[in-house]
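Construct the complete structure from the given sequences, taking the supplied hints into account.
Protein chains in written order, with our numbering: chain Z, 1 to 169; chain E, 1 to 359; chain S, 1 to 323.
Just so you know, the hints here were simulated from the structure itself, not pulled from any lab data.
All C-beta atoms, glycine included, are put in the ideal place defined by N, C-alpha and C.
Accuracy of the hints is not assured; some may be wrong.
Claimed, not checked - Lysine-lysine pairs mimicking DSSO-like chemistry, simulated, CA-CA at most 30 Å apart: (1) K92(Z) to K193(S); (2) K44(E) to K193(S); (3) K184(S) to K135(S); (4) K49(E) to K135(S); (5) K115(S) to K93(S); (6) K44(E) to K10(E); (7) K93(S) to K49(E); (8) K93(S) to K73(S).
Said to hold, decoys possible - Label-pair restraints from in silico Cβ distances: (9) N115(E) to A148(Z): 24 to 34 Å; (10) S233(S) to Q116(Z): 40 to 50 Å; (11) G288(E) to P141(S): 47 to 57 Å; (12) D74(E) to I40(Z): 46 to 56 Å; (13) S264(E) to G125(S): 50 to 60 Å; (14) S233(S) to A13(E): 44 to 54 Å; (15) A78(Z) to Q5(S): 50 to 60 Å.
As the list claims (entries may be wrong) - Partner residues are not named here, just some residues of chain E that face chain Z (Cβ under 8 Å, in silico): (16) R22; (17) A23; (18) L25; (19) P38; (20) V40; (21) E57; (22) P61; (23) T63.
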Amino acid sequence: MSAPDGRELRIVGFLCNWCSYGGADTAGVGRFVQPTDLRIVRVPCSGRIDPLFIVRALISGADGVLVSGCHPRDCHYAAGNYYARRRLEMLKQFLPVTGIDPARFEYTWVSASEGQRWQHVVTTFTSRIHDLGPAPRMTGGNGYAELADIERAVQAGQGCPCHLKEVRS
Amino acid sequence: MSRQFISHDKMTAWLDALSRDRAVLVPMDDCGTVTFRPYVPGRKALLDKMPVRAPKEGVFPQTETLLRFKYDKDPENLDRVKVQVREVLPTQKAVVVGGRPCGARGQLILDRVYNCDTMRDPYYVSRRENTLYVTVACTSAESTCFCHSVGSGPDDSEGSDVLLVPVEGGYVAEGVTERGRELLAEGDFESASQARMDEAGAVISRTRGQLGEAHDYSDAPRKLLERFDDMDFWNEQAAICISCGACTYLCPTCYCFNMTDEQSGLQGKRLRTWDTCMSFEFTLEGSGHNPRPTKAHRLRNRMGHKFAYYPELHEGLIACCGCGRCIKSCPVSLDIRAVVQAAQNHNAVPEEAEEKADA
Amino acid sequence: MSVLQELKEQIRAALPELDMVLGWEQGFDALHMRPLFIRTEKDLERLVLNPLCVHSLATYLPGLLRGAGNDKKVGLVVKGCDSRAVIQLVQEKLIPRDRVVMFGFGCNGIVSLQKLEAGAQGCSGIGSVEFAGDKVVLSAPDTKVELPFAEIRSGKCETCRYHNAIDADHFAGARVEEGAVPAKHPTLEEFEKLPLSERFAFWQEQMRRCVRCYACRNTCPMCVCRDHCIATSRNPHWLTQESSTAENFMFQMIHVMHLTGRCVECGECERACPLDIPLMLLRRSMNGVVRELFAYESGTDPDATPPLLTYQVEEETINERGW
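Right, here's the structure in full:
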């Protein structure tokens, strides 16, 4: 069942195979109702996750990205999620300088038996993304490609999109 | 020889008129630098500044979609896949206003490669036929300018449809080609007085003076080929190079490209994008072998191509326009003039070599 | 004895044991120096030392020192920022400390050619540049322009805390006193006042200008993958060939992510960019995150462990129970 307002946005989930994917399975087995916007990519461990996966997803058009792994101290591979925790926290704090809303990326820890928690995580995150709306996309390029951008902006009543205040050291 | 004249504000009106049914690319402020950007009424054209990027973008854009394709699976027989292909031929009319003579020279070099007896690139030819060049002559020369040493000059009109020489209050205009003259008819040009034409001549003379003496590169092809196997020479010349590619992407005469299929799901497009011979992947073969494995090999190729191989194939035309962008934008200030001259001076007695080497 | 003369003496004494020493020499005009590879006394005569010596020579080290059986010993002249790059490369075991000899000196800042050209409007054909105390005199055939050095100094020098090379094997001249500097770079401070949507629009604009020439990547002393960079590989296929804003921005993300905990803020990326894109905004922000989360400063301690290569079971700075 899709989200309350009927639209489905594109949310990508990176789940570790042992805990979180198992948790999602448990939620499925228990027939817990969740919005269907989230599409899962299974990885062996949250430590496998390169922060660039999340950035690539966001830049390519994902409206939200959710990462889930085993609880710290419970990683199937002992220390994978410790590394993940550092990388993902770093990414979350770095995103604001790019202009991408850090609320569109979330990471959490869900174990294999926590079906209900998984349902809660997905429902809450999806509803947060719906509140934020579709993510802004980077468009266009140089030369002739810029013409299309100008036309689009002019038609949208924004006038010629000339550059913003310069910030340079 | 008659010329026309247009004042600065009538110039703006002319650009407005041109932009009604054509894409007009002009030098424009780009967050502090100057590049070619589309002109729409209200935007300010900076015709006295030479853009960082080259005017070849009008006929040879950095990224070009050649065709789009789509796979259709036959539901009756999943082994059978149909593919639809749609060509994307550029038909937009355009005029590039504000390039310099050195930039226009790029067209001469690209034309011989992309539109000749044995080869006709339909995408390039379509753009070339639909794009006109209004070139602005130079009123000053920089330390990196050497157009006069490679067969061009501050008022060289080859490759342009219209040549504008800046004078007090406006420009003296010459319709170089038939289509250039038609373009002039769309603007409020008046007949240029003798005084104005003299002023234009004086402007060019002054610029020529600033350029100094031209260097003779006529024996460069032979001298570069003599150095071909001398890897010590090339290792020394390439020592400071960091193999980025800034020189190739900003060069008005560079024309190498890459073709890749970018697919997403069952559809995609075939792109042509600029490629740089300074990168390792440029000549990397599927087997893993690379005939140009080091930056020394790649620098040898770049210098050789511009000053030896191309001139040998094309009646002495040097594939370098002397604009100096590669020198200015190189992060380590590697100077193409110094490299070619080092090859020319090689074998001379060391003291003589030092005397001969000039900027 | 001037600092340059002292430096030359030190290099002269060390040269017999070294394969080469990297320094700077006069470039194609008065405003441009270029890297110099010194092997002989004749090469040494060409060495210069002035605020136009902007290049970080550390970027050549991995290429010169790597490979099985390579026992080259290389010296290089380093500004404070350059020495941090060397230390970081040593920390990551990308170059061996015992085969690198650093010649340090006290640096008061380098010139930003962008600012110099802006300040010297109307002065064309500059034939000579003189650095006299806190003034810079530019001479052209028909004009002379005097500018305060502070006005044309590179922005990165505003927050420099390492005027003197760290861990230098030789040091020429007197040490420069480190003054107080703002903790956060003023441009980043200004940028962070913008709302998210404006920041996004800013990068949209800047990435439209990018030519994907990779000058930023290749000048970066920390970028050692060189020919095998994932940005230009087809397998894995991270970036398409399209030079669209989205792909250009993705490249910057790749670069910044791969520099997490490694970037020494030498500013070479921004200097090398032919389009003057303000790349340092992203890198300074990342370094701020690293400093806050892991209390780590890259390029200062050759024995430190990079923060992403280690972990704490209990992280004081990370709220893991979050939501």
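Item checked: Index of numbered hints that the structure contradicts, given in increasing order -> 5, 7, 12 and 16
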